[in-house]
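Line order of the protein sequences matches chains A and B. Mapping the first sequence onto this note's numbering, position 291 (from 1) lands on 291, and the numbers just tick up by one. Throughout, this note's numbering is defined as the position within the second sequence, counted from one, plus 1000.
Heads up, a few of these hints could be off.
Stated by the list, open to error - Listed next, with one range per pair, are the computed distances between beta-carbon atoms: (1) B:Ile-1211 x A:Arg-248: 22 to 30 Å; (2) B:Glu-1273 x A:Ala-95: 40 to 48 Å; (3) A:Asn-223 x B:Gln-1041: 34 to 42 Å.
Read the hints as simulated data drawn from the structure, not as lab findings. All values derive from a computational prediction rather than experimental measurement. Each residue gets a CB set at the ideal place from its N, CA and C atoms; glycine is no exception.
These are the residues of each chain, in order.
There are 2 protein chains.
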Amino acid sequence: MRGLHLDRGRLSLRGDLPEPSPRPDWTVVAVRRAGICATDQALVRGYMDFVGTPGHEFVGVALDGPLRGRRVVGEINAGCGECAECRRGDARHCASRSVLGIFGHQGAFAERLALPTRNLLAVPDAVSDDEATFVEPLAAALHIADDIEVGPGVRCLVAGDGKLGLLCAMALAARGAEVTVAGRHAERAALLPPSVAYRIGMLESQPAGPIDRFDVVVEATGNPDVLARLPALVRPRGTIVLKTTTERPVAIDLAPLVVDEIRLVGSRCGRFEPALQALAERRAAVAGLVAARYSLADAESAFAHAARRGVLKVLLEP
Amino acid sequence: MRGLHLDRGRLSLRGDLPEPSPRPDWTVVAVRRAGICATDQALVRGYMDFVGTPGHEFVGVALDGPLRGRRVVGEINAGCGECAECRRGDARHCASRSVLGIFGHQGAFAERLALPTRNLLAVPDAVSDDEATFVEPLAAALHIADDIEVGPGVRCLVAGDGKLGLLCAMALAARGAEVTVAGRHAERAALLPPSVAYRIGMLESQPAGPIDRFDVVVEATGNPDVLARLPALVRPRGTIVLKTTTERPVAIDLAPLVVDEIRLVGSRCGRFEPALQALAERRAAVAGLVAARYSLADAESAFAHAARRGVLKVLLEP
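The following block holds chain A by itself, in its conformation from the complex (with noise of 0.2 Å):
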């Protein structure tokens, strides 16, 4: 089939990928769209030292199993089904997970995948194909609520106004929160929900005077640099939430996390479920997110699009 290849940085599209094979309770999905992640572009870079097909947001259609014919997301850590975490229902911590399109798992830059059935969840006819593809990265946002408590009353910041900061300040807005975007492009404003507060220049520098400091700060930069700012921008016994790994170790002082008993809470994917209805009853707007749509065949084209300063959600289609 086709597909895109990564090897050592180099990103090909081949032809003669070989087809997912079939396994008892995984089901073969025929890829629609797939949206290309900030993972993506560091998997390219050598994160993972990942070789093969990349891609993991996507929707398709099933070619097989209880869900045959219909339009499917689906998680994409792929458990081992036996040990505690898998039993518990949480494949996403399993120790012998693999992750689709990002570790020992071939993914969604290709005509086909295959997943466990378990994770594939039915895509409702009020949501896109488009729409769809952000279910993994809004779960993922929406997953914060699932650690700690946001809700109304609870005044959140999300530092970075990329497409993973805007779905964070979605995500925490549709909990009801008061959510402010620390970003750096003010057109992104208007792709908000009126009710989230955007500002420009903060994550630059120390603030000068004394701040309203937040309960809850939200990590979305990927800029190592920027989380060693963000203690001054929390409140004691407040919340940073790290959304994005990033690609090399963070120098950072400590001592006000201490002083201030500030948590730091790592937080990865998150239930497709919530996000896939959140989608369909329209309390999250991601449309406005889409960049450009692109075959495989422009794969090249595409990488680089998304690679751009500025540029927002950039899709494939086989």
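Place chain B on chain A using the hints.
For chain B alone, coordinates are given in the frame of chain A:
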């Protein structure tokens, strides 16, 4: 009055220190005994640019106010009494607080000190002077359980077998957790409750094979290089508690925190009452941690003794 005075790294005994001035709702305390803490040693090296009398782990006798004549210990944060934090009863995070012997407040290495009367607690007869000097650090150790769940079945690792590490191990064991101490002084195992396991060499290198990762890891070494090794010792969705401030920034790879969704929790001062109660009920055996007692006149020797490798608590008496 007599007391120690710290100015630009020089600690000297002075006979002409001003008496603590009486204030409404404050109590003057005659110090009986005070412990030298790692923070005091850091202050001498320049931490906080503190000028004045250090010392914050003390037991004394109230000279006025409602506890006059009683032996007392005292919480070290003196709040403004009016802000939201103070009205909630938590002066520990008052933005205008002073901190006894650490910030804006003359400390316990002197004949007398003063604290808000509400900060003081009477010491039961069952608790000796030596033991009472441990109320402050034991309260800090017990405070871990205010922020995270520790109890039967929770596997905790305490990194470090200095004073704070041993107190954290005692505190966690008193809460019923399964505790292991990763230390460097095998003889200290004898100072710990019999239920606590003790291991040498865990922090010096990355574990070679897979290890049974802990639910909670407490950083109590103060060594910035140790922190970077801790994510590998905690299970996915587990917690690292930071009990020490380090004097220099730490270079840390935060990606494992995100991938394994680990929480890093800064933890500082605790409430005194549970600590005093644990001592009175013999649930924490701290007397064995006392290495030596010196008079204020021998403070220089006392600090030199406390700084020696492998020495636990050194006490000062006016």
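Evaluation of the provided hints:
1. B:Ile-1211 x A:Arg-248: 22 to 30 Å: Check passed, 26 Å falls within 22 to 30 Å.
2. B:Glu-1273 x A:Ala-95: 40 to 48 Å: holds, 42 Å
3. A:Asn-223 x B:Gln-1041: 34 to 42 Å: Hint holds: Cβ distance 36 Å, inside 34 to 42 Å.
Against the hints set out earlier in the document, no violation occurs for any number.
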